[in-house]
Amino acid sequence: MQLHELKPKTRKQRTKRVGRGGKRGTTSGGGTKGQKSRSGAGVKPGFRGGDNRLWQLFPKQRGASKKPGNSSPHRKHRFYAMHRVKPAIINLGALNAFSNGDTITPELLLERGIVQSLKRGVKILGNGDLKKKLTFEGKIIFSKSAREKLGIKGDAQ
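With the numbering used here applied, the sequence shown covers 295 to 451.
Quick caveat, the hints were computed from the structure, so don't treat them as lab data. None of the values given here were measured: they were computed from a predicted structure. Be aware that a few hints might be false.
Here are the simulated lysine-lysine pairs, DSS-like style, with alpha carbons at most 27 Å apart [as the list claims (entries may be wrong)]: (1) Lys301 with Lys327; (2) Lys380 with Lys330; (3) Lys327 with Lys338.
Computed beta-carbon distance windows for the label pairs [unchecked claim]: (4) Leu300 with Gln350: 31 to 37 Å; (5) Gly340 with Leu297: 21 to 27 Å; (6) Gly432 with Gly344: 36 to 42 Å; (7) Ile435 with Gly340: 42 to 48 Å.
For glycine and all other residues, C-beta sits at the position ideal for the given N, C-alpha and C.
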(Lines of atoms letter the chains of each structure in order from A and count residues from 1; the text may use other names and numbers.)
(Lines give C-alpha, C1' and ligand atoms only; values in the text may rest on other atoms or scores of the structure.)
Protein backbone atom coordinates (compact mmCIF):
# COMPACT_ATOMS: atom_id res chain seq x y z
CA MET A 1 0.00 0.00 0.00
CA GLN A 2 1.26 3.46 -0.95
CA LEU A 3 0.57 6.79 0.79
CA HIS A 4 -1.63 8.00 -2.08
CA GLU A 5 -3.80 4.85 -1.78
CA LEU A 6 -4.83 5.51 1.83
CA LYS A 7 -8.51 6.34 2.27
CA PRO A 8 -10.49 7.28 5.42
CA LYS A 9 -12.91 4.73 6.90
CA THR A 10 -15.74 7.25 7.14
CA ARG A 11 -17.10 9.32 4.27
CA LYS A 12 -16.58 13.09 4.29
CA GLN A 13 -19.75 14.96 5.19
CA ARG A 14 -20.26 17.99 3.01
CA THR A 15 -20.96 21.31 4.74
CA LYS A 16 -24.38 22.77 4.07
CA ARG A 17 -24.26 25.63 1.57
CA VAL A 18 -26.19 28.41 3.23
CA GLY A 19 -27.80 31.42 1.61
CA ARG A 20 -29.22 29.89 -1.56
CA GLY A 21 -32.94 29.79 -0.80
CA GLY A 22 -34.52 26.59 0.43
CA LYS A 23 -36.17 25.77 3.73
CA ARG A 24 -34.03 27.99 5.94
CA GLY A 25 -36.00 31.19 5.41
CA THR A 26 -35.09 34.52 3.88
CA THR A 27 -31.72 35.06 5.53
CA SER A 28 -30.82 31.36 5.37
CA GLY A 29 -28.96 31.31 8.66
CA GLY A 30 -26.81 34.36 7.92
CA GLY A 31 -28.56 36.61 10.47
CA THR A 32 -29.91 40.04 9.57
CA LYS A 33 -27.87 42.87 8.13
CA GLY A 34 -24.38 43.75 9.26
CA GLN A 35 -20.93 43.00 7.92
CA LYS A 36 -21.00 39.26 8.53
CA SER A 37 -24.35 38.76 6.77
CA ARG A 38 -23.11 40.05 3.39
CA SER A 39 -21.96 37.64 0.75
CA GLY A 40 -18.20 37.40 0.45
CA ALA A 41 -17.74 39.76 3.38
CA GLY A 42 -16.06 38.82 6.63
CA VAL A 43 -14.02 40.20 9.46
CA LYS A 44 -10.26 40.01 9.11
CA PRO A 45 -8.45 37.89 11.68
CA GLY A 46 -7.41 40.02 14.62
CA PHE A 47 -10.07 42.70 13.99
CA ARG A 48 -11.43 44.05 17.29
CA GLY A 49 -14.24 46.35 16.19
CA GLY A 50 -12.01 49.24 15.15
CA ASP A 51 -9.81 49.04 18.24
CA ASN A 52 -6.10 48.34 17.88
CA ARG A 53 -5.26 44.79 16.96
CA LEU A 54 -3.72 42.83 19.81
CA TRP A 55 -0.26 42.64 18.23
CA GLN A 56 -0.22 46.40 17.73
CA LEU A 57 -0.38 46.90 21.49
CA PHE A 58 2.81 44.96 22.16
CA PRO A 59 6.28 46.51 22.08
CA LYS A 60 8.15 46.39 18.81
CA GLN A 61 11.66 45.09 18.26
CA ARG A 62 14.51 47.51 18.79
CA GLY A 63 14.63 50.08 16.02
CA ALA A 64 11.09 49.44 14.76
CA SER A 65 9.09 52.54 13.99
CA LYS A 66 5.79 53.46 12.35
CA LYS A 67 7.29 55.17 9.29
CA PRO A 68 8.82 52.94 6.61
CA GLY A 69 12.52 53.54 6.11
CA ASN A 70 12.92 55.04 9.58
CA SER A 71 14.73 52.58 11.83
CA SER A 72 15.91 54.96 14.52
CA PRO A 73 16.65 53.07 17.76
CA HIS A 74 15.10 55.94 19.75
CA ARG A 75 11.57 55.19 18.57
CA LYS A 76 11.04 51.96 20.45
CA HIS A 77 8.06 51.36 22.71
CA ARG A 78 8.28 52.81 26.21
CA PHE A 79 7.71 49.43 27.88
CA TYR A 80 10.25 47.58 25.73
CA ALA A 81 13.30 46.26 27.57
CA MET A 82 16.11 44.04 26.36
CA HIS A 83 16.16 40.79 28.31
CA ARG A 84 19.69 39.53 28.48
CA VAL A 85 20.41 36.02 29.59
CA LYS A 86 22.40 36.45 32.79
CA PRO A 87 24.45 33.68 34.42
CA ALA A 88 24.00 32.50 37.99
CA ILE A 89 26.20 34.64 40.24
CA ILE A 90 28.42 33.54 43.14
CA ASN A 91 30.77 35.67 45.21
CA LEU A 92 34.33 34.54 45.96
CA GLY A 93 33.60 34.57 49.70
CA ALA A 94 30.90 31.90 49.26
CA LEU A 95 33.51 29.43 47.98
CA ASN A 96 35.16 29.28 51.42
CA ALA A 97 32.53 26.65 52.30
CA PHE A 98 34.52 24.13 50.25
CA SER A 99 37.56 22.36 51.71
CA ASN A 100 41.18 22.86 50.57
CA GLY A 101 42.10 21.23 47.26
CA ASP A 102 38.50 20.74 46.05
CA THR A 103 37.77 20.90 42.32
CA ILE A 104 34.91 23.31 41.65
CA THR A 105 32.66 22.51 38.70
CA PRO A 106 29.25 23.96 37.78
CA GLU A 107 27.69 20.54 38.48
CA LEU A 108 29.17 20.52 42.02
CA LEU A 109 27.76 24.01 42.67
CA LEU A 110 24.33 22.79 41.53
CA GLU A 111 24.61 19.67 43.68
CA ARG A 112 25.44 21.70 46.80
CA GLY A 113 22.51 24.09 46.14
CA ILE A 114 24.70 27.18 45.64
CA VAL A 115 23.30 27.57 42.11
CA GLN A 116 19.69 26.85 41.10
CA SER A 117 20.26 26.25 37.37
CA LEU A 118 23.11 25.73 34.91
CA LYS A 119 21.11 26.82 31.86
CA ARG A 120 22.64 30.27 31.79
CA GLY A 121 26.10 29.36 33.10
CA VAL A 122 27.93 30.34 36.28
CA LYS A 123 29.82 33.56 36.99
CA ILE A 124 32.09 34.22 39.96
CA LEU A 125 32.33 37.81 41.19
CA GLY A 126 35.17 39.29 43.22
CA ASN A 127 33.23 40.13 46.42
CA GLY A 128 34.90 38.64 49.49
CA ASP A 129 38.23 36.85 49.84
CA LEU A 130 39.03 33.26 49.01
CA LYS A 131 41.06 31.71 51.83
CA LYS A 132 41.31 28.19 50.38
CA LYS A 133 43.18 26.67 47.44
CA LEU A 134 40.62 25.49 44.91
CA THR A 135 40.74 24.21 41.34
CA PHE A 136 38.12 25.41 38.85
CA GLU A 137 36.95 23.24 35.97
CA GLY A 138 34.16 23.49 33.40
CA LYS A 139 32.36 26.54 32.06
CA ILE A 140 32.82 29.10 34.80
CA ILE A 141 33.11 32.80 33.97
CA PHE A 142 35.18 35.06 36.22
CA SER A 143 34.64 38.79 36.59
CA LYS A 144 37.61 41.14 36.18
CA SER A 145 37.95 41.69 39.95
CA ALA A 146 37.71 37.93 40.62
CA ARG A 147 40.46 37.29 38.05
CA GLU A 148 42.71 39.82 39.78
CA LYS A 149 42.13 38.28 43.21
CA LEU A 150 42.72 34.74 41.95
CA GLY A 151 45.72 35.73 39.85
CA ILE A 152 44.24 34.59 36.51
CA LYS A 153 45.84 36.35 33.57
CA GLY A 154 44.16 37.30 30.27
CA ASP A 155 40.64 36.40 29.25
CA ALA A 156 40.72 32.92 30.78
CA GLN A 157 37.30 31.75 31.83
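To see whether the hints hold, each was checked on the structure:
Distance check on the hinted pair: Lys301 and Lys327 sit about 42 Å apart at the alpha-carbon level, beyond 27 Å; violated. For the proposed pair Lys380 and Lys330, the alpha carbon gap of about 50 Å is over 27 Å, so the pair is violated. For a cut-off of 27 Å, the pair hint linking Lys327 to Lys338 stands: about 18 Å separates their Cα positions. Here the CB-CB span from Leu300 to Gln350 is close to 43 Å, at odds with the stated 31 to 37 Å.
The hint said 21 to 27 Å for the Cβ distance between Gly340 and Leu297, and at roughly 36 Å that hint is violated. Take Gly432 and Gly344: their Cβ atoms lie about 57 Å apart, and the range 36 to 42 Å is violated. In this structure, Ile435 and Gly340 meet the distance hint of 42 to 48 Å, their C-beta atoms being roughly 43 Å apart.
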